[in-house]
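Residues 1146 to 1291, numbered by the working numbering, are exactly what the sequence shown covers, in order.
Because the hints were derived from the structure by calculation, they are not lab data.
Please read all numbers here as calculations on a predicted model, not as lab measurements.
In this text, a Cβ means the ideal position worked out from N, Cα and C, and glycines have one as well.
Please note that the accuracy of each hint is not assured.
[As the list claims (entries may be wrong)] No more than 25 Å apart at the CA atoms, straight line, and that leaves these computed lysine-lysine pairs for BS3-like:
#1 Lys1152 / Lys1289
#2 Lys1152 / Lys1167
#3 Lys1286 / Lys1240
#4 Lys1167 / Lys1289
#5 Lys1152 / Lys1223
#6 Lys1167 / Lys1240
#7 Lys1286 / Lys1223
#8 Lys1167 / Lys1286
#9 Lys1223 / Lys1240
#10 Lys1286 / Lys1268
#11 Lys1268 / Lys1152
#12 Lys1268 / Lys1223
#13 Lys1286 / Lys1270
#14 Lys1270 / Lys1152
[As the list claims (entries may be wrong)] Ranges of calculated distance between the beta carbons of each label pair, as one might list FRET restraints:
#15 Ser1233 / Val1149: 15 to 25 Å
#16 Gly1239 / Ala1153: 25 to 35 Å
#17 Pro1218 / Pro1288: 17 to 27 Å
#18 Thr1188 / Val1237: 28 to 38 Å
#19 Asp1156 / Ser1233: 33 to 43 Å
#20 Leu1165 / Ser1233: 41 to 51 Å
#21 Pro1214 / Pro1288: 13 to 23 Å
#22 Ala1157 / Pro1288: 30 to 40 Å
#23 Ala1153 / Glu1189: 35 to 45 Å
#24 Gly1275 / Gly1170: 34 to 44 Å
#25 Glu1189 / Gly1267: 27 to 37 Å
#26 Asp1285 / Val1149: 29 to 39 Å
#27 His1265 / Ala1161: 17 to 27 Å
#28 Asn1147 / Thr1188: 39 to 49 Å
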Amino acid sequence: MNEVAAKALFDAEMPALLSLAKLRGWEVQAAAYPLVDVTFASTERMPLRVQMHAPDWNDTPPSIALLLPSGEPCPTDKLPRHPMFNQSAHHVTGKPFVCSIGSKEYHTHPNHLNDPWDNHRGKSKNNLPGLITQIWNGWDKAPKTT
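Produce the entire structure from the sequences given, and follow the hints as far as they go.
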């Protein structure tokens, strides 16, 4: 995909994402091509910052980094205890990762090479607002911690 098309698709999804962020109380650090960077916070859970980098949207899924609110990589002991958040080191990044459809790290993991992004892209829940919502739901369903 060329960059102009990727940016146009990305930009078209930002109003819905920003609307969800306002509704759900996400703190938005960035929402401009090719980066979505939001923090989920609650009085009952450890905050989690999620950074989605999508320069080839939607030919390829975004790479998703799990961060502390400060922007540093989230250590495994601070990750939500939910199956979506794989605490093992990804073979490419060496960091914990989102192990869910729509994450570049999922689709490039040896266990999921038989589940290509092309099987999922274009579905409404797999647009950028949908992907960030799925991550938020995983964070929200994790056991409560403070």
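- Going through the earlier hints one by one, which of them does the structure break, listed in rising order? When the structure is compared with the hints, numbers 1, 5, 6, 12, 15, 20, 24 turn out to be violated.
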